[in-house]
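Participant: Chains as they are written, first to last, in the working numbering: chain L, 1 to 274; chain V, 275 to 993.
Possibly wrong hints are sitting among the right ones.
[Stated by the list, open to error] Computed list of lysine-lysine pairs in DSS-like fashion (alpha-carbon distance at most 25 Å, straight line):
#1 L/K6 - V/K798
#2 V/K567 - V/K339
#3 V/K798 - L/K262
Quick caveat, the hints were computed from the structure, so don't treat them as lab data.
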Amino acid sequence: MTESRKISRFWSVAAAALIVFAIAPVLIVFSVSLRPQTPMLLARDFLPPARPSLVSYRDVLSEPGFLRATLNSAFVTLLCIGGNIGLGSLAAWALTRQRGIPFRATMFTLVFAIALPQQATVVPLFLLFQRWSLLDTFTGIVLPGLIMPVNVLVLFQGMRRIPQSLLNAAMLDGASAAYCFRRVVLPLVAPSVGVVTINTFMASWSAFLLPFLLTTTAEHRTLPVALALLKTQDDVRWSLVIAGAALTALPVVLLFALAHRKIVSGLTAGGIKG
Amino acid sequence: MRYRYLASYLLAITVALSAHASELRVWQMTLRPRTAAAIAAQYEIRHPGVHVAVETLSWDDALQKLVLAIASHHEPDVLELGSTWIPQFRAAGSLAVVPDSDVAGLLLTQPGRSPRGPDAVPWILGTRALFVNPAMLRAAGINRAPRGTDELLRDCLHLHTIAPSMRCIGLAASDTYAPWQQLLSFAWSRNPNLFGESINANDVNGPEVLAAARFYYAVRPYALADVPSALDGQFATGAVPMVISGSWLPQLLRNTSPDLDYEVVPIPALTGGQPRGFAGGEYLAVSARSQHKELARSFIAFLLEPSTLAAIVEAQPGLLTARRGVDLPEDTSHRGAATRAARRALQSILETAVAPPSDPRWAAAEQPLSSIVDHILLEGDAPETAVKKAVGVLEPALRLADYRHSRQADDVIRWIEGAGLAAALLLILWPGRKTTRWTRLPLVPWWVLFLAVYLLPGIFVFVISGTSYDLLSARIVFTGARNFINLAASPSFQHSLLVTSIFVVTSVPLTLLMALSAAYAFQKLRRFRRIAELAVYLPPLLPVVVTATVFGALFVGSGPVDWLVGRAGIPVPRPSWLLNPWAAMCVVVVHAAWTSFGYYAIFFSVSLASIPLTVLDAVALDGATGWLRFRSIEWPVLRPTVLLVLLLHSVRSFQVFPEIFIMTRGGPAGATTTVVYQLYDLAFRTFDFGAASAVAVVLMLITLVIVFPFVARSGRTSS
Chain L
1 MTESRKISRF WSVAAAALIV FAIAPVLIVF SVSLRPQTPM LLARDFLPPA RPSLVSYRDV
61 LSEPGFLRAT LNSAFVTLLC IGGNIGLGSL AAWALTRQRG IPFRATMFTL VFAIALPQQA
121 TVVPLFLLFQ RWSLLDTFTG IVLPGLIMPV NVLVLFQGMR RIPQSLLNAA MLDGASAAYC
181 FRRVVLPLVA PSVGVVTINT FMASWSAFLL PFLLTTTAEH RTLPVALALL KTQDDVRWSL
241 VIAGAALTAL PVVLLFALAH RKIVSGLTAG GIKG
Chain V
275 MRYRYLASYL LAITVALSAH ASELRVWQMT LRPRTAAAIA AQYEIRHPGV HVAVETLSWD
335 DALQKLVLAI ASHHEPDVLE LGSTWIPQFR AAGSLAVVPD SDVAGLLLTQ PGRSPRGPDA
395 VPWILGTRAL FVNPAMLRAA GINRAPRGTD ELLRDCLHLH TIAPSMRCIG LAASDTYAPW
455 QQLLSFAWSR NPNLFGESIN ANDVNGPEVL AAARFYYAVR PYALADVPSA LDGQFATGAV
515 PMVISGSWLP QLLRNTSPDL DYEVVPIPAL TGGQPRGFAG GEYLAVSARS QHKELARSFI
575 AFLLEPSTLA AIVEAQPGLL TARRGVDLPE DTSHRGAATR AARRALQSIL ETAVAPPSDP
635 RWAAAEQPLS SIVDHILLEG DAPETAVKKA VGVLEPALRL ADYRHSRQAD DVIRWIEGAG
695 LAAALLLILW PGRKTTRWTR LPLVPWWVLF LAVYLLPGIF VFVISGTSYD LLSARIVFTG
755 ARNFINLAAS PSFQHSLLVT SIFVVTSVPL TLLMALSAAY AFQKLRRFRR IAELAVYLPP
815 LLPVVVTATV FGALFVGSGP VDWLVGRAGI PVPRPSWLLN PWAAMCVVVV HAAWTSFGYY
875 AIFFSVSLAS IPLTVLDAVA LDGATGWLRF RSIEWPVLRP TVLLVLLLHS VRSFQVFPEI
935 FIMTRGGPAG ATTTVVYQLY DLAFRTFDFG AASAVAVVLM LITLVIVFPF VARSGRTSS
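One chain only, chain V, in its complex shape (with noise of 0.2 Å):
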């Protein structure tokens, strides 16, 4: 009867799972998920049959759900991707070549080509551009917005004199990508193919670079630098006549500031050079292991036909298309009419922009190349001497990304199944008398998975904590000790073990106190106690996701707890339990206490109840009571149980993680991002496997230390 149930449950599983044949799998980030479902809906409509599924994912973890979709090889049919993350993709092999027709006609195909074919459509683009306010200029006698550095220099002097206290222009800084997408746009006015197909070390050391750096260390006097957002929010509110920002500027200004009067212009050009922007874009890609790549191919044309480019724009009118000639429905107001403006000048810009080289290793220069305006504009380093700095950080990024010097990940798992093998084997063929050799066959099967499961892991993490391991193309690079070396100088590193350090030191004491004062209190209850004792047992039972759902519904702002606090007249934490550094500390390690007291106390009343009941009669004979009893006759019996549950414990507030990242993801500003937390973060944020691992390894060594004493006794017990 019962496997009935089993083997229906099993089909129904078979069934689901086989049910969406014709499902056509689709994630984006660009269009919000009402206009994508819309759109899904016109698609469905001329293709009877085909189901569409958009998933539309944020920006933030976008790359990540990507990467870990194709690692799990269940990624879409069709993928939406950023320009830059192409040579990524197309590295590992996982993008499939569609013909050149599909193409044919749209912006900025380059990007998107492999020496193979196209294999991904470039669909909405962006650009860079210079933002003037025409009324401030003319307020200090300049009529037009400058067209060169020059004239920008001249501008900004000249605005200087008549307001010092106004910054002239906004450039983006501290940010990953935005300063260098600036920075090269007057690079490239120089010289548009300044990099060709691939990223090199001696072209960011090249005339070009360095004349834009010179730029920017010329206007740095009169230059506001701040993130992005912070910028175009100055520009909204007039607080500064120029900015260089994106093709989102447009609709943010008809939102928030519908009065004010702007241009959009070209990117001034270094002297003696043509104005480039910046060309970046969304790009729409076949998975390489898509079945239906046929539909997956339709539904990309679709997308790209001017009424489905129209539609996109009308709901989201910020998007400029890959496609030419796709425009805003006429609108006179004032404000329809400036949006309108903005987006041709924008879509003319796009023009003659230039696009990134289709370089896999990019990503790994974006930093450094950001951090030249940093050093620059913030720092105040001299143009030479920011190039050099940067030149020196991107060399060994490039050296790491570059994959000449990489190996397949694959040989190396396979030494670590190889041995793993060996393994299994010795233990089975391991001489020893006939009769016993034939009893270790049952132990084959678990010892199998045990291997594959617990040992393998265990040994294979020391050699991933060597090693730059990239997940999308499965390379690695053998880098011997630079992770430690990086971790051990990583200030985020520092600070996740100093968090636990502070975890550890507080939630250990007081379950410790909690967890002793309850089985001593229970010992002298006389009714009650049963059920006293389940109560106190039961927490430690719940799942862990459930703790700590509860307690995040406890501690959120004006809830029961802040009503509580609030009537004993303490002052609630601001904004909230959670959103506070100290608060949110303060509800984990509580929250540890009230998951772990109970299981904790059990121990302790088991070892309070093996003292002979004659021996406690006979101190109370002699008078003793309190204190002096619980030093003379309960403390001798509780220590050795005191220490057990300190180790048991230290060790489990060492690994501290799911209550973290449910209740506060590590926040607030990392206030509670402990060292399995950082694990985390490196490992499945950042995918740098090698570092967690490296992370790992610390952990391993720091709970072996502590368990150590532990291990030994029990060994020798086992045995």
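The shape of chain L in the complex, shown without the other chains (with noise of 0.2 Å):
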């Protein structure tokens, strides 16, 4: 018996040592950005402060740009949202009623697409956005956020459960295809919009790379790049990098409280981290 109980205690500490190591380095985040001034980041500096203060916040969206960058990335975020939701749950839709060539090439392209790295394609893409005038514009920022494969094939999976005959039942009740689609439809696989809608949220929130080459002006910038050039100036002001940090990580902390079990479900229907 003392054998399983020295076990069970090594499984504790395990436990503990790997929650620590997770959590810490949020929490030391957060208590240090609500320190008014650390511009030197000593070991004490991380310790909670004293007096908690929301100087740091106050200062970083001073710093120009920053403010804007954070509004933007709301906004992209928002678009990207609804052109996934909106434009993904239509080829879905149509996706189910094709057979033969149509269906096998698009199913292809689109696990090819999930496959490929984004990194791979970034000179091609910053150069036909070049040509199509798409550098450094909020077009350009949100066109490869809007459609990610991933929620086709997601959105997809959940349609194809639909039973004709229910369909059948409402055009026989004189329902249109679009009212069908609307009414009948996009409720059934309400799971897997919600899916697609955390998804969507935590991709287009943290997207850097995309965001970082395709802009130059500080007009364009989201959150993670204006974050990434503070952090990368010559004389880093750490108070303002880690109240940034914080303020970017934010929403999605938020996010994760209200919605914790759907994001948990959500992370391995989605399959693949973006």
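Using the hints, put the two chains back together into the complex; each one sits in its own frame.
Facilitator: As structure tokens, this is what we get:
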């Protein structure tokens, strides 16, 4: 019996260590962000502040372009969520109706696009966007996130479980195709739409590579890009950087607190982390 | 209600975009931000209603930023250009022509003149000269600075016999720019019209360059060859009596060695020649797409007014100006007098200095020309061999940069667009029953965007990988497999593959082990299980920019990790975690584990939970615990998930980029330059899009090899 108790104690310690490892950096960031001035970042600066203050947040938001970047990120994220649900569900619905070559070609390219590393296509994307005058524009930042291939797959998996008899019944009652889609299909795949919403939110809010390479002016920067540029300045002002990081993390943490069940199930359903 | 907010936000953006209608945007590198702001304020006083927004770029990334801005049509109205950059921008049609009156009376206007008229106005100039320490020469009985190379060689020999350990002259080597500027200064003393209007390999093979190379060979035993900044330091500390350096040196000496006595003389001429210097400088230009061309011209004219130039020189005394007669204010101190004398000498050298030809291919010639000096001074090659080697590299480089062999990149992109359009139409019009064809309609908007953003780039990357692509002029040359051959032979690419492999081989097992332990440990927890899971699931969801920034903060020198490690009695890496090659790699690996183990723990938890309790009870009755239970029951269930996680995480590890960019920028000394970081560096720092695309193709192949079994399986299940 002592043997098994020893084992269970070992696992308790391991669990505690992993929890601390996972969560300590997050807690530290928020605690440091509540300190008024931390120019140096010495070990003592990481203790919880005696008198919490929001000065660092005010400072980082008054940094030129940072508030703008925050609004830009919110704007881009909302558009991407709308696009992925709207365009994605239409496409997924159309896919369930297809057979033969068009279906197989679309499916193959879809899987190819999911497997394709985004990093590999930044150069051609940059050149195509240059030709289409999309560099350093909102359209250019939104477009790549507007249709994430994974989301179509998620919606498609949900939609093909809808029995044809249900739709036939609705049609018989005189419902148009559009009405059918809106009032029958979409409500039935609500869980998939939820997964798509969360996936898209996480991916667009965190997106760095493309917004970073496709923008040159502060006008169109998103929050992660602004944060990265703040961090890579020659003289890093840590209190600003930490507050900026906390600010960028905040919506994700809030969403996680509100909808963790859905998120966890969505992570596995999405299949690939963005 | 919600729509109204959206509308007002859109309105706010429109207003913000149109608010700066009379703003003049200026990008410059030479002036310090404070000087620039003061001068802009002066201009604004004279022109009420105009706002001048000056952005100060650093020399390191100025060219990169200018090229990107022009490529994305967001260039400033007024731009500062290095003299050798002008031809590229001119060939790309990025510069507006200004009237001849704008450059009247200025020095060195030639490089700024296009066939259509002047398009770049000389502003701040630079030249090269011989800096001499007369006290050291006098100590050896030499009374005047050498005028010709014969005299210089004689002096060096003389110094060598007196003090064999002392080198007599500092010559720049292992740098892209300084060595050719010095080498050509010698060659130009024989023939200032050496290259004429354009560079070609025959001229480099000609008698003038060979004579200069012979001089380098002759002076090699007495010369100190090093990078320019090191040479300046050697001269400042009195370690070497002569050095060839630039117009920045007087200011540096004034600050670092105020008591050093020195003279500035022209670079000695080859036998039978006249002393000449290299002339380079900073030019101001109006961008061709500027909306405020007249305003931009008047700002440039303001920057060249004698009073403005005097203010600039007073703030930054190291600068020489394109207008004659601008000088430092009277300063009777010893230091002030020396700096003034040096300035006058440099300004007079500038009068006869030669600028390199205005050839857009010049950038391709710089490295081969400089390599002549390296071959002779560092490797001891004979002058003929060194020149021959350089010409061998120069010829293909020039041919590649030769615009006559190239085609417009737009033509190639048009084919790609055509292919995309054909694919879209094919999908829509593919034969089928009439009813199913109608149902394809909702797919169309998505399919078009998908083609544009995913599929076309995925195909286009293969095309670019077989070309040399010039972003600025939008020209393309097909080079076949050259990029791949170069890549295979490139030590930096091999290094990046090695770095990535080290990263994958360390981070994958670590992450997997942690994820498995987390899933296993949480199963045993009775209370707190929910909280434990949530804590572990959070880091993978955080934006990678945030997690990387946080890690950068935690591992900062004498930060919390240093403190912890110090408490544990383990030596802290020097100089700090992110500046020590091995420690930086460790930080990146631990970061990868931190941001992903929770994600994979979900997968393992789900698999473990799928084992029926009855089975576990039955096993427990049989007395199987611990390792045996794991081996016989849990491992067979976990195995497919482990394989899946292994695959997912390996693929992701090969693509690691943002965390590297934010934490280490590929450093220190390339220790964390992964394949994707190398791709970024090639594409967006050196604009070698062809080579970057070749890296991308290799990356794609690696990824496809790893994921092929997975894709094949998921393709089967979804159809």
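Participant: Against each hint, give a clear statement of whether it holds in the structure.
Facilitator: Outcome of the hint check:
1. As the CA atoms of L/K6 and V/K798 are separated by approximately 13 Å, the hinted pair is consistent with the 25 Å bound.
2. Restraint check: the Cα-Cα separation between V/K567 and V/K339 comes to about 21 Å, which is no more than 25 Å; the hinted pair holds.
3. Distance restraint check for V/K798 and L/K262: the Cα-Cα separation of roughly 24 Å lies within the 25 Å cut-off, and the hinted pair is therefore satisfied.
Comparing the model with each earlier hint shows no violations; every hint is respected.
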